[in-house]
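S.K.: Okay, here's what each chain looks like letter by letter:
Number of protein chains: 2
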Amino acid sequence: MTVGPPTGMRDWLPRETAYRQQLMETIGSVYRLYGYLPIDTPAMEDLSVLQGKGGGENEKLLFKILKRGDKLARAQAEGAELADYGLRFDLTVPLARFVASHQGKLPKVFRRYHIAPVWRADRPQLGRYREFYQCDIDVVGGAGPAYEAEVITATERVLAALKLETYRFRVSDKRLLPLILRGFDVAEDRMSPVLIALDKLDKVGSGQILAELQEALSSHQDAYKRVARFFEEACEARLRADLSLDRFEEHMDSALSPAVMAEIRSVLLGLRGIMESVRFVNPSSAVLFDPILVRGMDYYTGPIYEAVVEGFSSSILGGGRCDGLIGRFLGTPVPAVGCSIGFERILAIQQQRDAGGMTGYPRALLLRTAGDDVGLQAQAEKLRNAGIPVETYLDPEDMGKQLKHAEAQGIVWAIKEVKDDFSLIIRHLPTRQDRAMSLAEFQILFKG
Amino acid sequence: MTVGPPTGMRDWLPRETAYRQQLMETIGSVYRLYGYLPIDTPAMEDLSVLQGKGGGENEKLLFKILKRGDKLARAQAEGAELADYGLRFDLTVPLARFVASHQGKLPKVFRRYHIAPVWRADRPQLGRYREFYQCDIDVVGGAGPAYEAEVITATERVLAALKLETYRFRVSDKRLLPLILRGFDVAEDRMSPVLIALDKLDKVGSGQILAELQEALSSHQDAYKRVARFFEEACEARLRADLSLDRFEEHMDSALSPAVMAEIRSVLLGLRGIMESVRFVNPSSAVLFDPILVRGMDYYTGPIYEAVVEGFSSSILGGGRCDGLIGRFLGTPVPAVGCSIGFERILAIQQQRDAGGMTGYPRALLLRTAGDDVGLQAQAEKLRNAGIPVETYLDPEDMGKQLKHAEAQGIVWAIKEVKDDFSLIIRHLPTRQDRAMSLAEFQILFKG
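Protein chains in written order, with the working numbering: chain A, 314 to 761; chain B, 314 to 761.
In short, the hints are calculated from the structure, not lab data.
Check each hint, because a few of them may be wrong.
Repeated chains share a single entry, so a pair holds when one copy, or any two copies, can fit it.
No more than 25 Å apart at the CA atoms, straight line, and that leaves these computed lysine-lysine pairs for BS3-like [claimed, not checked]:
| hint | residue 1 | residue 2 |
| --- | --- | --- |
| 1 | Lys418 | Lys714 |
| 2 | Lys714 | Lys732 |
| 3 | Lys717 | Lys421 |
| 4 | Lys729 | Lys695 |
| 5 | Lys373 | Lys384 |
| 6 | Lys418 | Lys717 |
| 7 | Lys695 | Lys476 |
| 8 | Lys538 | Lys516 |
| 9 | Lys714 | Lys421 |
| 10 | Lys538 | Lys732 |
| 11 | Lys421 | Lys729 |
| 12 | Lys373 | Lys516 |
Extracted from the complex, chain A is given alone in its bound form (with noise of 0.2 Å):
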């Protein structure tokens, strides 16, 4: 009999486990030095908190969990809804529910990052899964551009500690492009496919989202000309990595109205403080402004970001202000900032550089030489007290078996005998070679 996880669900096996506790560890290490802290919610929710406003598409892959006993009998009987919770499809639903419950415990400025388990019911494909962990930082109740830079430089730190040193960090605005084609006199139903076919920049070529452009403004071949002309300087700024702001408002300001220029300038305003704040902070940060970055969800509001690593084609995180958001449940408005961090990618990413190098937690195999299992657990004893793990071998094979048991688990250090001086036989198993040491000296080489 086979059987396996459930359909687009993985198993984590001890080494794959122990990479993602450890990444887990880094990401929320960095952030607390920030002042962000943990929190964590149930898994579900009441469906009538995850089917709300604010879910868009995810609402779709909902995982439902059916009534039980006599309310699923009476639902089936009426023809009512058969579930009464759903398994959560990302952590800000649930921000917002926890900030709704909790609003007299939690100070003004609540700054929370929550690395949880995510599922969606979506069709399972290569790298897509159907439960994956993300990692979301928010700040909410902070209304300025401080908080953005704070999120941007905390995340740079993120990505440092992460060793990803390749990375683009892009910002704009969500009110950025619709303004710019309302400049271009691109008709407000057009809006919408225009801003669908910008935002596939980083997964189809330049030449599709041309064609879907034209097709977008197939009667407006006017705009197609600005919005095309438009696009291809911007995707070439891109490349160069190089836009200023200063360099993109001369250059807007010879092709839009006074007007619309008024309204860009109140936004680029807003992306000079925080761009300019970032890199004061942080001179090494490679924040870029990307005036075709377009971050598809519905619920932003201002400034956005996302960042990329070379070689990767989707971004490996998101986020951006999102003030109508949050206070959902609040029945008021809340600012809020927040950055979404694609865990998974990002797994992906170190798995790929690390590639072998995934060591999992270390330990030292304690042979079997001689004695019985009573000598040999507390043989190991002594080394645990001393702070190494040590696994037993503790059934009678010979010591090729164990040897070749200690190589397959990749153990580097083998224990071949614990004398009553404290001092150890040990051998180096990739060399093969035996040494005696101290249980001193072994520590020191065992931690190193």
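Once you have looked at the hints, place chain B on chain A.
M.R.: Same frame as chain A, now just chain B:
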């Protein structure tokens, strides 16, 4: 609009989350000392996995996942099962499935721990939740009593690391009580009600248990008298916590037939090996033989154990040998020894002990004294570079409000100024004393 988590489920505020994470990390780090490694599995499993043999009562408490789309429509039309998956109700069934799914990749003796939430649609009541964490360790593929000794020794080290000093570790064997009852001529069909009555000893008074025994054995007065006497003696021994295997064997010898005693002796021999080994390896072990230990679960096949803490009626952990359980999906029996720690129960004990001492992750607050956001963030960054977690007060509030916020958040250190030469003006909030010091001095103070 007030809205909370689903019935019987909980949110975790930052301080509680930190406390829970630290508890998990303490438990995990001790088990890793013994070569146990973490794994993880999906929250849900195929219904067929969860509904087979082995779940017992817990199967009835399944949260089931509603089928989706066409599959749901078809199931409704045909009156078939509406669900395809279920949330795991323990970590043992997923382990059995995991071992079958990955058999080629696991070592012959596979030691793992798993700390994760499980879900049971139980009637919510005080201290019982519908989502709660379990913490299981198991060694799969190890057949001798050395494995029991290892699990007990490792688990006692966990209890020591958690500073639970008043615990006792009770050990017996699943086969022992039925043998004794048979020796007392308890009829086969009376075995189960007698064992169920004895299993309640931690929860109800001995008077009630005697009454239940009387009822169970109402037409077997002779057997009742012998069982009742045995029960009273065993209760006294449990209270005195001084029953040795030798004394027990001698005592039983006078009450039971030689044929029954031969079988009992073979069980006691195994227990003696385990207990002597544990005491040899850990001379301060609080391991005690306890012949009325029942451990309700059907799946135990040999030695069983549990730990109790003074002042708490139910056990904080329990486990034993369950050789039939893990091989379920392999189609071949596999020896296995496990232990499940009552994570939520230990947490409750710890919280009660540390009341108010739950500090969460400490952080300093950088006050907004003068200057702009950018300067403030640059100052904070210097502190973070030195490894000090710093929350920056970014809103323009007066000093009183800022200090009030810090105190409400349990923050101990406020930073009033970071000078260009990295010297600091620090306020110790509990005493409201200001002091000038170097960054290096503050690092030591903060971490101490």
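S.K.: State whether the alpha carbon distance between Lys538 and Lys732 is at most 25 Å within one copy, between copies, both, or neither.
M.R.: Result: close neither inside a copy nor across copies, 83 Å intra and 55 Å inter.
S.K.: At most 25 Å between alpha carbons: which applies to Lys421 and Lys729, within, between, both or neither?
M.R.: Between. Shortest inter-copy distance 20 Å satisfies the 25 Å Cα cut-off; intra-copy 59 Å does not.
S.K.: For the identical chains here, do Lys714 and Lys732 meet the 25 Å Cα criterion within one copy, between copies, both, or neither?
M.R.: within (23 Å within a copy, 63 Å between copies)
S.K.: From the Cα coordinates, with 25 Å as the cut-off, is the pair Lys538 and Lys516 best called within, between, both, or neither?
M.R.: within (23 Å within a copy, 80 Å between copies)
S.K.: First find the shortest C-alpha distance between Lys373 and Lys516 inside one copy, then the shortest across copies, and answer within, between, both or neither for a cut-off of 25 Å.
M.R.: within (23 Å within a copy, 46 Å between copies)
S.K.: Between copies, within a copy, both or neither: which fits Lys717 and Lys421 at Cα up to 25 Å?
M.R.: Result: close only across copies, 12 Å inter versus 58 Å intra.
S.K.: How would you label the pair Lys418, Lys714 (within, between, both, or neither) given a Cα cut-off of 25 Å?
M.R.: For Lys418 and Lys714, the Cα distance is within 25 Å only across copies (16 Å; inside one copy 58 Å).
S.K.: For Lys714 vs Lys421, is the C-alpha pair at or below 25 Å within one copy, between two copies, both, or neither?
M.R.: between (61 Å within a copy, 11 Å between copies)
S.K.: Between copies, within a copy, both or neither: which fits Lys695 and Lys476 at Cα up to 25 Å?
M.R.: between (37 Å within a copy, 20 Å between copies)
S.K.: Is it within a copy, between copies, both, or neither that the alpha carbon of Lys373 lies no farther than 25 Å from that of Lys384?
M.R.: both (23 Å within a copy, 15 Å between copies)
S.K.: Tell me, please, which holds for Lys418 and Lys717 at an alpha-carbon limit of 25 Å: within, between, both or neither?
M.R.: Between. Shortest inter-copy distance 14 Å satisfies the 25 Å Cα cut-off; intra-copy 56 Å does not.
S.K.: Checking Lys729 and Lys695: alpha-carbon separation at most 25 Å within a copy, between copies, both or neither?
M.R.: within (14 Å within a copy, 48 Å between copies)
Figure legend: structure checked against the earlier numbered hints; the only hint not met is number 10.
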